Amino acid sequence: MSAKHADLLDELLDGKHRALARVITKIENRDPGYRELVSALHGHTGSADVIGVTGSPGAGKSTLVDKVANYYRDRGETVGVIAIDPSSPFTGGAVLGDRIRMASNVGDMDVFFRSMSARGSLGGLSTATTDAVKALDAFGKDKIIVETVGAGQNEIDIVKTADTVAVLVPPESGDNVQMLKAGILEIADVFVVNKADLPGADRAVSDLKEMVHMRGDEPTPEFGADVEGYDWTPEVIETVAKEGEGVEEFIDLLDEHHELLEKTGMLDAKARTRYAEEIRALLREDANRLVTEEIESHGGMTELVEAVYERETDPYSVAADVIAPIEDCVHD
Amino acid sequence: MSADQESQSIRCLVAKVGLDGHDRGAHVIARAFRDAGFEVIYSGLHNAPDEIVQAAVQEDVNVLGISILSGAHDTLVPKIVAGLKEYDAFEDTLILVGGVVPDDDKAELKELGVAEVFGPGTPMEETIEFVRENAPER
Chain Y
1 MSAKHADLLD ELLDGKHRAL ARVITKIENR DPGYRELVSA LHGHTGSADV
51 IGVTGSPGAG KSTLVDKVAN YYRDRGETVG VIAIDPSSPF TGGAVLGDRI
101 RMASNVGDMD VFFRSMSARG SLGGLSTATT DAVKALDAFG KDKIIVETVG
151 AGQNEIDIVK TADTVAVLVP PESGDNVQML KAGILEIADV FVVNKADLPG
201 ADRAVSDLKE MVHMRGDEPT PEFGADVEGY DWTPEVIETV AKEGEGVEEF
251 IDLLDEHHEL LEKTGMLDAK ARTRYAEEIR ALLREDANRL VTEEIESHGG
301 MTELVEAVYE RETDPYSVAA DVIAPIEDCV HD
Chain F
1 MSADQESQSI RCLVAKVGLD GHDRGAHVIA RAFRDAGFEV IYSGLHNAPD
51 EIVQAAVQED VNVLGISILS GAHDTLVPKI VAGLKEYDAF EDTLILVGGV
101 VPDDDKAELK ELGVAEVFGP GTPMEETIEF VRENAPER
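Chains as they are written, first to last, in the working numbering: chain Y, 1 to 332; chain F, 1 to 138.
Honestly, the hints are just simulated from the structure, not real lab data.
Predicted model, so just to flag it, every value in this text is computed and none were measured.
One or more hints might be untrue.
[Unchecked claim] No more than 35 angstroms apart at the CA atoms, straight line, and that leaves these computed lysine-lysine pairs for DSBU-like: (1) 263(Y) <-> 209(Y); (2) 85(F) <-> 106(F); (3) 242(Y) <-> 110(F); (4) 110(F) <-> 16(Y); (5) 209(Y) <-> 16(Y); (6) 263(Y) <-> 110(F); (7) 110(F) <-> 160(Y); (8) 79(F) <-> 110(F); (9) 242(Y) <-> 106(F); (10) 85(F) <-> 110(F); (11) 160(Y) <-> 263(Y); (12) 85(F) <-> 16(Y); (13) 209(Y) <-> 242(Y); (14) 242(Y) <-> 79(F); (15) 263(Y) <-> 16(Y); (16) 16(Y) <-> 79(F); (17) 242(Y) <-> 4(Y).
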């Protein structure tokens with residue numbers, strides 16, 4: 001690690017907000033040397049509870065997160081929030097507007113709120129998010145909330161970062177066929193029908209309850225099937241985050257879930273699954289880099305494409321050629 | 001995009017400080033910055049100096065754009081500058097002020113550490129170009 005990064009790390013561990021902010025920037029930018037920095041953080045992590053909040057745009061994620069953070073602060077806990085917003089696929093630019101809703105925590109530096117842009121790639125985003133969570137954890141935050149971009153039904157990545165996942169469902173969120181679809185609804189430990197004062201809330205609650213009922217309480221298979229006693233059935237609750245209604249019940253549920261995770265060993269199982277996923281992601285990244293270098297040594301992508309276009313070769317043969325030297329090295 | 005993944009993005013905080021309730025200009029600049037490929041954090045209306053310092057530090061922005069129309073710049077901006085200094089964030093944050101600022105005050109703001117003051121009618125390209133050229137490295 002460079003001397004500059006070592007200083008930064010010391011300052012972060014020392015509780016300097018500026019250093020924490022800068023480390024997250026380095027993680028986001030994949031700054032040269034950021035990997036060593038994150039490596040060094042790892043030994044200081046493992047004490048924070050990580051909560052994921054997702055749901056469709058306008059469901060009220062940021063407002064709820066604001067109230068939750070405030071509640072934790074009242075209890076004397078420190079909070080880190082990472083809020084992800086979409087970025088333009090054309091310019092890479094983004095307007096990150098979740099901070100606007102953090103009104104309850106204005107001026108309280110112990111709520112460390114960081115906006116993150118999706119920067120185009122979802123795979124890269126999950127690596128950056130995981131690493132940013134590590135930075136907050138090493139800094140000493142008790143609770144870390146990750147709020148995802150509410151763009152679609154495919155926010156499954158968050159499960160890999162969070163111990164407990166809350167999915168916000170707005171009233172009037174479509175017929176119950178939406179509830180049959182795979183994806184986002186399967187990842188929830190807690191369902192929150194926010195804006196419960198609006199018409200349609202009762203319907204959303206009963207649809208969700210029916211869905212949960214039909215699903216049974218099988219634990220998510222990807223996390224250690226050998227965990228015993230983890231019999232959590234996702235709860236459905238109503239909140240009006242803007243008014244703070246239901247926030248306490250929501251937090252009680254999060255606590256309850258966390259206790260069960262801890263008691264049954266599911267928390268450890270999740271952590272192990274997460275590390276396996278992280279190692280795989282890093283290896284894929286490294287392999288990608290090797291492949292990119294090989295493509296260059298074959299004359300670059302443009303040339304390869306041209307040969308395919310002219311029917312001199314085909315994509316399968318090109319791929320076989322490019323990977324051959326790497327394959328040879330591995331097999332020797 | 002994957003190739004651009006490693007390049008650093010210019011992060012800007014667009015902040016409305018004080019009591020005036022007009023944020024149309026701030027919205028326009030936020031959008032123009034977004035279209036220029038910057039990451040814009042918009043802080044909303046009626047921010048106190050403390051709030052802006054908190055946001056600028058936590059978000060680690062290269063650029064802080066303060067929009068003031070109320071004429072209170074000479075009391076509010078110094079508070080922000082002092083706050084940034086407290087968190088060692090002053091040296092590498094480009095501070096811009098947008099709004100209606102008399103010439104005398106402009107000089108004062110610049111002396112304080114504001115890099116540039118953009119008055120009404122400044123072409124957007126000029127502001128963007130200024131940011132591109134002067135945004136401190138991260």
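Q. Can you list which hints this structure breaks, lowest number first?
A. 3, 5, 6, 7, 9 and 17
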